[in-house]
Amino acid sequence: MAALLGSALKAGRFARAGVRLFCTNNAATPKITTHWSVLPRDKDSRWSDVDMERVSDEVDVCIVGAGPAGLSAAIRLKQLAQQQDKELRVLVLEKATEVGLHTLSGACLEPHALDELIPDWKDRGAPMHTPVTEDRFNLLTEKYKIPLPILPGLPMHNSGNYVVRLGNFVRWLGEQAEELEVEVYPGCPVTEVLYHEDGSVKGVATSDVGIGKDGAPKDSFERGMEFHSKVVIFAEGCHGHLAKQLYKNLDLRKNCEPQTYAIGLKELWEVDPAQHKPGKVEHTVGWPLDRMTYGGSFIYHLGEGEPLVAVGYVLGLDYSNPYISPFKEFQRWKHHPAVKPTFEGGKRIAYGARALNEGGFQSIPQLAFPGGCLIGCSPGFMNVPKIKGTHNAMKSGMICAEAIFDKLTDENLQSETQGVFVDDYEQRMKDSWVWKEIKSVRNVRPSFHSPLGLYGTLLYTGVFYYLFRGKEPWTFSHGGADYKRLKPASECTPIEYPKPDNKISFDLLSSVALSGTNHEGDQPAHLTLMNDEVPVNQNLGIYDGPEQRFCPAGVYEYVPMEDGKTMRLQINAQNCVHCKTCDIKDPSQNINWVTPEAGGGPAYNGM
Amino acid sequence: MWPIFDYGRFVSIISSSDVYGVVWMRSLAQLHKMANLRVLVGVKRVIDYAVKIRVKPDNSGVVTDGVKHSMNPFCEIAMEEAVRLKEKKLAKEIIAVSCGPAQAQETIRTALAMGADRGIHVEVTGKEYENMTPLHVSKIMAKLAQDQEANLVILGKQSIDGDNNQTGQMTAALLDWPQATFASEVTKENDHLKVVREIDGGLETVKVTLPAVITADLRLNEPRYATLPNIMKAKKKKIAKHKAADFGVDLTPTLEVVGVEDPPVRQAGQKVESTEELVAKLKDSGVV
Chain A
1 MAALLGSALK AGRFARAGVR LFCTNNAATP KITTHWSVLP RDKDSRWSDV DMERVSDEVD
61 VCIVGAGPAG LSAAIRLKQL AQQQDKELRV LVLEKATEVG LHTLSGACLE PHALDELIPD
121 WKDRGAPMHT PVTEDRFNLL TEKYKIPLPI LPGLPMHNSG NYVVRLGNFV RWLGEQAEEL
181 EVEVYPGCPV TEVLYHEDGS VKGVATSDVG IGKDGAPKDS FERGMEFHSK VVIFAEGCHG
241 HLAKQLYKNL DLRKNCEPQT YAIGLKELWE VDPAQHKPGK VEHTVGWPLD RMTYGGSFIY
301 HLGEGEPLVA VGYVLGLDYS NPYISPFKEF QRWKHHPAVK PTFEGGKRIA YGARALNEGG
361 FQSIPQLAFP GGCLIGCSPG FMNVPKIKGT HNAMKSGMIC AEAIFDKLTD ENLQSETQGV
421 FVDDYEQRMK DSWVWKEIKS VRNVRPSFHS PLGLYGTLLY TGVFYYLFRG KEPWTFSHGG
481 ADYKRLKPAS ECTPIEYPKP DNKISFDLLS SVALSGTNHE GDQPAHLTLM NDEVPVNQNL
541 GIYDGPEQRF CPAGVYEYVP MEDGKTMRLQ INAQNCVHCK TCDIKDPSQN INWVTPEAGG
601 GPAYNGM
Chain B
1 MWPIFDYGRF VSIISSSDVY GVVWMRSLAQ LHKMANLRVL VGVKRVIDYA VKIRVKPDNS
61 GVVTDGVKHS MNPFCEIAME EAVRLKEKKL AKEIIAVSCG PAQAQETIRT ALAMGADRGI
121 HVEVTGKEYE NMTPLHVSKI MAKLAQDQEA NLVILGKQSI DGDNNQTGQM TAALLDWPQA
181 TFASEVTKEN DHLKVVREID GGLETVKVTL PAVITADLRL NEPRYATLPN IMKAKKKKIA
241 KHKAADFGVD LTPTLEVVGV EDPPVRQAGQ KVESTEELVA KLKDSGVV
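These protein sequence lines are chains A and B, in that order. Position one of the first sequence corresponds to residue 1 (UniProt numbering), numbered consecutively onward. Position one of the second sequence corresponds to residue 1 (UniProt numbering), numbered consecutively onward.
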């Protein structure tokens, strides 16, 4: 108790009233976390008679994550194996029960990597039906919109790109992979990284099933399965939980800055056909955010027959006011007079959210280590001013596959460790167009951290980027991790958000219902807390519980206990849409997101 | 019934005494019949229960393209019961059947991963699939039960998309077999099955002779997970492909769906300050 108070004092202004009202003593805090990753089972008497043996299987390359990066790597590996007549067993493990079900993105796809991977994508029926025909960039004030010019050469110039439903694109990529005899196993979340004795990565293990909410085994308990491979490719997407463990265990981030993130919320609307302009791409910045909060919106008109519009809001997670609710900012932005007409008379048919990586060049960790590689949005190659990362993710998967293939088919390979160290993957990335691209835009996002805020970034992009294309000799720093940026609630003003009108804007729970998310109720919550006492004492006491606001699915709620005075944290794990924002933005870094039991998560349809 | 210890002892008993031998052979034959249950299980691919359904703009049906699908929960329970019968050595073989488009094979694969021995996919696509009704399915199931020499058919009580609750009953009628629907417990007793049924008034216990049709209700069991090692093993199990015509079933629609609509939007309630106001409002609306 004293230690917690001490750290609260160190955190800045001491919310005395908050501490008095909300602090609980050890005995009163109800137990929240029952997950085995926090409470090991070998010390738990309920598990003493359970056989913990796992079936194992050998593969050449095991890929965790069937997203654009993971599938591109799988496809490339099999293409090379076919070309050079070599046998290679490639396995992809995906937590969603169908490929594409957990995929969420804007998205405006640059076909650069796809043209290299599958040049005849059009004949093969890739779902890329909407070339970009119109490109708009607007600065919004409370009532007006100011169009900003998009000159060719500026990163957000979109000619040659396609508006896609990324979930459908990923599903198509999955079919291409299966045609090449890649073994894709959806519905298999990976919970553990396995190591050899020499410290190199040996393989992975999939999730156990049949553990009750209290952490005890149920009748249906079955152990997960192990896959041993020469190399494991980690393609979990933004802020993967296995990557988080790897960064810590293998110290992969010692030479780079901490990753910085944003949260992206997205809706799919069936609009009035009069408002539908297939191929139109619009981005806005400005209102409703102040100049010191990074964020903006996208409106992409799809041209696939139905009058569908993909709309979303991205908010940088380096915001400092704990009263900000990204979901409510999104909802109120839709009421802007320049935005509202598009959605009037329309019907919202889908909702979802996901964190994005914004650190770019400064935040790239060590990409390869003995037995494993990191690809895609997991290490993070998103081009922030372009607002695109899929093409870079795919290319990183392809480069990794090429490096691995050359390593594994090298007859003279003398590996020092049992897990193969693909040391030239990182060098190949540095020689690729991905590196050139993200290096050229490295200063745009950090240029936000000046007193000019948004205007500084616009100026910087317009002047320095346009003139120097990233060749300027300086590199700005991001200034530290996102979770450290929150100011105590006492220093900030609460925000009055307007009530949703249920025509254009909506409440959180009906939105979560549209994501189709669900989890088996009788399992330990997969949002695990390292310390059950910290939320009420620190998060609520100092920051007024920001997780109640930044979670786009209503997972976290502070509710009063029976005595009516003390509060407790309630975790509604079933609502989780796997966005990873809580793991990123929790100021106490107490929340550790792990994969739930197989079968859980959102059910996005072409998001 | 002669109790069973080991076959060697029985053989010696049979050879030492002809009378006992005859009795024994008959009960052995009955036991043989019990242990040789060939179970046909129907599994349907439906939209996942947690997904929010959307009506098509032309009101002809619901959107299914790209929507998450999974095995009908009651079919999972039916499948689990069949696997338990096999584990108790009462069933010899389990055949999983699904009628639908190519993706129905995924549902059959899940059934194979749960413990079915082989699968049968009756391919029905497009408009024929949209217009397929329990009558069509039960005709196919009945023919299959005869062709495959099944002596037990287990189905889910209803599917969560059609909610018809007809297929099991129709199948039994077509086969002229006894039926035990809404089963919450199934036990074998001598040469018949004792089934506890969930009915409106409580629980009803019936005795059905074999062959029979059972439909599974919610509390019959908790289905096991189809785990990865089993999914991988299931890839080697066979799925036979057929068309409805192979069973002499004509899929001409017998029903026409006129329209599908969203339920009406719930009207906001009204708050009243006093009982008099409530009575006045009730009178105004003509309710009282």
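These are computed hints drawn from the structure, not numbers from a lab. Note that the structure is a prediction, hence the values are computed from the model and not measured. Just so you know, not all the hints are guaranteed correct.
Partner residues are not named here, just some residues of chain A that face chain B (Cβ under 8 Å, in silico) [stated by the list, open to error]:
| no. | residue |
| --- | --- |
| 1 | Val55 |
| 2 | Asn168 |
| 3 | Thr206 |
| 4 | Ser220 |
| 5 | Ile349 |
| 6 | Gln427 |
| 7 | Tyr483 |
| 8 | Ala513 |
| 9 | Gly516 |
| 10 | Asn518 |
| 11 | Gly606 |
All residues carry an ideal CB built from backbone N, CA and C; glycine is no exception.
Tested hints:
A hinted interface residue such as Val55 (chain A) counts as satisfied when its beta carbon comes closer than 8 Å to some beta carbon of chain B; here the least separation is about 5 Å, so the hint holds. At about 7 Å, the closest approach between the beta carbon of Asn168 (chain A) and any beta carbon in chain B falls short of 8 Å, and the interface hint on this residue holds. Nearest Cβ of chain B to the Cβ of Thr206 (chain A): about 6 Å, under the 8 Å cut. The hint holds. With its C-beta approaching chain B no nearer than about 5 Å, Ser220 (chain A) sits inside the 8 Å limit, and its interface hint holds.
Annotation: interface hint on Ile349 (chain A) holds; nearest CB of chain B at approximately 6 Å, less than 8 Å. The interface hint given for Gln427 (chain A) is violated, since its Cβ lies 35 Å from the closest Cβ of chain B, which is over the 8 Å cut-off. Hint on Tyr483 (chain A) is violated. Least Cβ distance to chain B is approximately 31 Å, over the 8 Å limit. For Ala513 (chain A), the suggested interface contact is upheld, since its CB lies about 6 Å from the closest CB of chain B, less than 8 Å.
Restraint check, Gly516 (chain A) versus chain B: the minimum CB separation of about 4 Å is within 8 Å; hint holds. Annotation: Asn518 (chain A) was flagged as interfacial toward chain B, and the flag holds, the nearest CB pair being 3 Å apart, inside 8 Å. Of the supplied interface hints, the one on Gly606 (chain A) holds, with its beta-carbon coming within about 5 Å of a beta-carbon of chain B, less than 8 Å.
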